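Chemist: Chain by chain, the residues:
There are 2 protein chains.
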Amino acid sequence: MVNETQHTCSISSSSKSDGGSSSGSESSKDSSRCSTPVLDADRHERLREKMRRRQDSGDKWFSLEFFPPRTANAAVNLISRFDRMGAGGPLFIDVTWHPAGDPGSDKETSSMIIANTAVNYCGLETILHMTCCNQTKDDITGHLQKAKRLGLKNIMALRGDPAGEEWEEEVEGFNYAVDLVKHIRNEFDDYFDICVAGYPKGHPEAESYEADLRHLKEKVFAGADFIITQLFFRSETFLKFMKDCQAIGITCPIIPGIFPIQGYHSLRQLVKLSKLEVPQEIKDVIEPIKDNDAAIRNYGVELAVSMCRELLDSGMVHGLHFYTLNREVATTEVLKRLGIWKEDPRRPLPWAVSAHPKRRVEDVRPIFWASRPKSYIYRTQEWDDFPNGRWGNSSSPAFGELKDYYLFYLKSKSPREELLKMWGEELTSEESVFEVFTCYITGEPNKNGYKVTCMPWNDDPLATETNLLKEQLEKVNRRGILTINSQPNINGKPSTDPIVGWGPSGGYVFQKAYLEFFTSSEIVTALLKVLKKYELRVNYHIVNVKGQNITNSPDLQPNAVTWGIFPGREIIQPTVVDPVSFLYWKDEAFALWIEQWAKLYEEESPSRMIIQYIHDNYYLVNLVDNDFPLENCLWQVVDDTFELLN
Amino acid sequence: MVNETQHTCSISSSSKSDGGSSSGSESSKDSSRCSTPVLDADRHERLREKMRRRQDSGDKWFSLEFFPPRTANAAVNLISRFDRMGAGGPLFIDVTWHPAGDPGSDKETSSMIIANTAVNYCGLETILHMTCCNQTKDDITGHLQKAKRLGLKNIMALRGDPAGEEWEEEVEGFNYAVDLVKHIRNEFDDYFDICVAGYPKGHPEAESYEADLRHLKEKVFAGADFIITQLFFRSETFLKFMKDCQAIGITCPIIPGIFPIQGYHSLRQLVKLSKLEVPQEIKDVIEPIKDNDAAIRNYGVELAVSMCRELLDSGMVHGLHFYTLNREVATTEVLKRLGIWKEDPRRPLPWAVSAHPKRRVEDVRPIFWASRPKSYIYRTQEWDDFPNGRWGNSSSPAFGELKDYYLFYLKSKSPREELLKMWGEELTSEESVFEVFTCYITGEPNKNGYKVTCMPWNDDPLATETNLLKEQLEKVNRRGILTINSQPNINGKPSTDPIVGWGPSGGYVFQKAYLEFFTSSEIVTALLKVLKKYELRVNYHIVNVKGQNITNSPDLQPNAVTWGIFPGREIIQPTVVDPVSFLYWKDEAFALWIEQWAKLYEEESPSRMIIQYIHDNYYLVNLVDNDFPLENCLWQVVDDTFELLN
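If you're matching them up, the sequences are chains A and B in order.
So for the first sequence, the working numbering puts the first residue at 22; every next one is plus one.
So for the second sequence, the working numbering puts the first residue at 22; every next one is plus one.
Only chain A is shown next, with the shape it has when bound in the complex (with noise of 0.2 Å):
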């Protein structure tokens, strides 16, 4: 029965291609970078799928390769990079195996964990890389689990360098990536994607260009789903290369890697490692300004976008691959020049979707993390089912516990000292924790001279759409409502506004004011007075730090705040204000007070004492305005709250 439900037409064939191909192509334009369940198939499709999808429609794209990173410091940079870099739209991005640096460990630095990360925390679509020479089979077993457990679902497969000068094979080991590419297929049937290594101009190692033909045959044969080839530095040899591939069989799509030069030292490294010979011409124009980095960046450049549009022209390139040496700039810049950086302004969802296959079916969060997206998923990253749309019922999963190790992903990407001119080298008094708040908001500088350009609770500066109520959010920072998160009341406007629209085209996005803030209990008081006014249409949570919970939500419901309508779709809520997992963000919004901000000051220090005892007196309070066509009535009843006092 079901099956009768797909495209089938009996009346015409025109009517039925016709129907049939041009929703197919509006969900392709919409949802070829990320994308969600409920608003298309995209987070569905495995990465093999998706390149086809675009070679198909003709949509040319790109991919990004980084290294892991040596210390924890430059791993919190790395993953801000990715966010950064993210937004631009790349198919996927890989991650190297680092075999001196313990690469399927639990560091912070691993290619494991940092692939893990940029899944799962990032939302980007991951390649890891994994090499199998001078390891056993079940450590590559053991790796690959791991993988697949963290929700990995592409692997490159590589030999690796050998350890020693006299390399010899071991009979029953891996001594050739074809074997690990057996090895996946065999213990993982078709869970992995696979991905492997091709050389345009032949291994280093190859007995022949054509003997080395064969080998990456094999590899495809094999079951390798797609080959990424090492650096070049012409685009005939590239070209050459993939009909080679063509012509002995090969049909997988051959994408091109790309290097971008960007310093006489980098270059001479790659070079020496990778074997290649750097073509005269281009040794002719490095030499003379070899210590002029931004000079070679900008040959670098102008020779990468040369290059990549020889490919594109040729129609046989549809993708390509960049070697990024984790830098930003040398790449970004290609790729804004070949008009291939897309960085959209539409969202699939209001927040930032996670790469994690067990989370394809997300489709509801609770506001509180909306600027701590990555604490959540590491909070819930021990759920078995997503969306928990629902936490209001007794089934609920717990949320993870506030430990050490997540800190990691919390830890602000600023360094004590800025944070202490941002912040305060030493507050007198609450006001002067109203005073920074007060700056964050407004932008203007502190009275020491500096931006306040982040908070305990939001690690970057104030989003677009809050901007809307910036005004108002001044007037009460200063007063002592420390507002943490907002949102306006929205009724209506179409799913590609630019500031708050998501979604799909065609579609219709809504909200309820929303308002959070930390006061004083005497602010509190006289607010719930207020309150009884606006019974009927304000929600409100009002919590401190041991849990005291004061609201007027019925039987702990979920209240819908942000939604959206969609053509020939459900109804998609991605967020709402939820009672019980507002205690659990209680607990770290209180306990930012202290790891983030009290701890910049010595112990017993006038300065540690005042966020201790705004930690320990103040409330944290959420209010919404249910009646989202009228005017937002929050900032009255704030006002009414201040009369009240005066």
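Hints listed in this document are in silico derivations from the structure and should not be mistaken for laboratory results.
Being a predicted model, the structure only gives us computed values, none of them experimental.
Treat the hints with caution; some may be incorrect.
Since the list gives no way to pick one copy over another, a pair counts as held whenever it fits inside one copy or between any two copies.
Said to hold, decoys possible - Derived lysine to aspartate or glutamate pairs resembling EDC-like cross-links, with alpha carbons at most 20 Å apart:
id	residue 1	residue 2
1	Lys514	Glu652
2	Lys442	Asp481
3	Lys71	Asp576
With the hints as your guide, set chain B onto chain A.
Modeler: Relative to the frame of chain A, chain B by itself:
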């Protein structure tokens, strides 16, 4: 953690109780009739809890007693009466146990099946009577198990009348109602709410009034939750009885049984059965008018109203139980005059909810069965879970087959002769069928002077909401777009709107325009060409009786076409256009042409062949205009189609 979210307040005790009670009373006002789980807690409440809540809030209520009908036709009529009298808002109805009518069987007329229908198809809280004398323990356990399986939750435990004149107690059997009460509590623990009978004048067979009170106390202490009394003629009788009960420690609710006198003979018969004496002052009035039914009924209403007023004014009575004798007029009149008949135009959901416990959480249905909710409930009665809002996945449960038995719930309330008058004694062409549809829409008489008040797909006259579309519908039906279901688009009307509103107050409701019709393949061919212009705006499903199916719906996803936004809650989307269930509806919609219409005519007759031709060749089409804030474009689609045809 979850427990902490209960109302607690550390700041001021007044704000606690205010917050608590105001949200509490709002929901009690909204929900004491019928309700959905998402909308309020009422559907989860047991009858005894509802009773208590009504008593606490001072909200007077009534209930209605019916006996099982003798014939299948009478059953169809009784079910219509349940729907009509259910609209007045009874707290419950009860169905008597008719030992001579095979009361526990699957017959259409059995007590069990009538109670089942009231609960499951009419959505009424229902008490099933059950008598115990002359029955084995196993029989009774079997009946109770069956009642539980069918979703019945309340039993009225009675002794019943012994079979012979000389009744002897059985040592191991059930001799008194108290034995049945104990048995229910032993075997079913607290599953059922149990009601027992009270005799304001004492049971006629009791040794004394006092002895009977002691028996009643035994029944209550054995586990009965409340008492309904035998009828009586003076309010003092009941009030004295109630005080006497309280004096010996009976504290559960005692509900007076009200018998509006409706005729001379029914009064005499009841008095004989109950061995009560009619007071002289009543006899004095009735005897002279005993042949004037209307006069007796008017007097009966008058008498009942004044007695009920005395009861309610006493402050001791919160609910009134009516012995209806399966008649509507007198009871309804009494209730209206007392002001407790409350036809609340507000609906908890746009469709009538079922009272089966497993359907408590049901909050979404396909739009197709909008005019045939009983058929939808029948066809989904085997489902284990509700809501099943997402039929489009492989785990969706199957719809029940179209079987003969369910035609009991489907058969028209009108007899064949009436249907022939409405739909035509003789059809001459497809156009004469168009004419029938048009008359149904306009409410004008057909060419033989008969109004068409029902159709095979709609057993009732046009819904108020559909009236909004009347003019357009008339136009298209005339031309062979044979509409069977439609709704206008609504962009955020208050949930209290008398025509399109539903759900608790303070919310907003929305709809996408919907149109469903049968039409010829010629029109479908033109329509499909026109729909290309509307590809991104209009979703369509077009199917013929063979299951050939044309759609532009992406990935078999349901399209939400009715939704509501309410204070402090998740979004509710009670109606969807679902591609999978449409194919099940299609079977039913096409079958109705034959079962209800074609079969009115002789086999091989021209009239029958016309209907058969339409059944075999027409398509069933549904259209959704996704752009709910704009003017409905579906009429333009139809106009364009006719233009293309000309």
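Chemist: All hints, please: hold or fail.
Modeler: Verification of the hints:
1. Lys514 / Glu652: both (15 Å within a copy, 17 Å between copies)
2. Lys442 / Asp481: within (16 Å within a copy, 74 Å between copies)
3. Lys71 / Asp576: between (43 Å within a copy, 17 Å between copies)
Taken one by one, the earlier hints all hold for this structure without exception.
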